[in-house]
Amino acid sequence: DARVTQTPRHKVTEMGQEVTMRCQPILGHNTVFWYRQTMMQGLELLAYFRNRAPLDDSGMPKDRFSAEMPDATLATLKIQPSEPRDSAVYFCASGTPGQVRQYFGPGTRLTVT
Amino acid sequence: QKEVEQNSGPLSVPEGAIASLNCTYSDRGSQSFFWYRQYSGKSPELIMFIYSNGDKEDGRFTAQLNKASQYVSLLIRDSQPSDSATYLCAVTGGGTSYGKLTFGQGTILTVHP
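Protein sequences, first through last, are from chains A and B. For the first sequence, our numbering gives the first residue as 1, with consecutive numbering after it. For the second sequence, our numbering gives the first residue as 1, with consecutive numbering after it.
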């Protein structure tokens, strides 16, 4: 049963520290999405990639967030420096244009103190 | 005005009843409409999608779309306690914006025995 994996599952860090979240999409999926979920804002798209190229990162705060796909099996989301308002659950999802469904990973719960 | 709005809930229905979840969207160019279910502490999972005006049925679930009214709904028949979750409405455009989902805030559904 193919799944999207994310690491770490939980991260607690202090304000100002760098945070790196990793995602392994389902093999064969060429589109990767990063979402952030908070109680106040709900589920928001931060960025997405197709064939490793960024297609849209308009939802991402540019000054502190960066997203990359070093290869087809790894997507990363970095926050530097982190702030308490970045506390949220970050989901990665993958899919292909030929499919309707996006498959979500289990999420990384980030707490910035 | 939010791009995708859902009835705020929470919605509580007795077991065996019909649960009705509603969603409106602001972008008339939206082409695809999705309902995701999210259990507490878990990631969203797709339960229904619809492209065309009218009804689409899948088991106990029926999605209804009215593009003229910019309205999409989800009916859950014979509701079960296991249906208790947050239901997220999402929309996307077509073409190159494939996969760029915009989510509503979600409606919390509780089915009580």
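Misleading hints may appear alongside valid ones.
[Stated by the list, open to error] In the DSSO-like style, the derived pairs of lysine-lysine whose C-alpha atoms are separated by at most 30 Å in a straight line are: (1) Lys-78/A with Lys-56/B; (2) Lys-56/B with Lys-42/B; (3) Lys-62/A with Lys-78/A; (4) Lys-11/A with Lys-62/A; (5) Lys-100/B with Lys-11/A; (6) Lys-56/B with Lys-67/B; (7) Lys-56/B with Lys-100/B; (8) Lys-42/B with Lys-100/B; (9) Lys-67/B with Lys-78/A; (10) Lys-11/A with Lys-67/B; (11) Lys-11/A with Lys-78/A; (12) Lys-62/A with Lys-100/B; (13) Lys-62/A with Lys-42/B; (14) Lys-100/B with Lys-67/B.
No lab work stands behind these hints: they were computed from the structure.
Q: Starting from the hint list further up, note which numbers the structure goes against and sort them upward.
A: 1, 9 and 10
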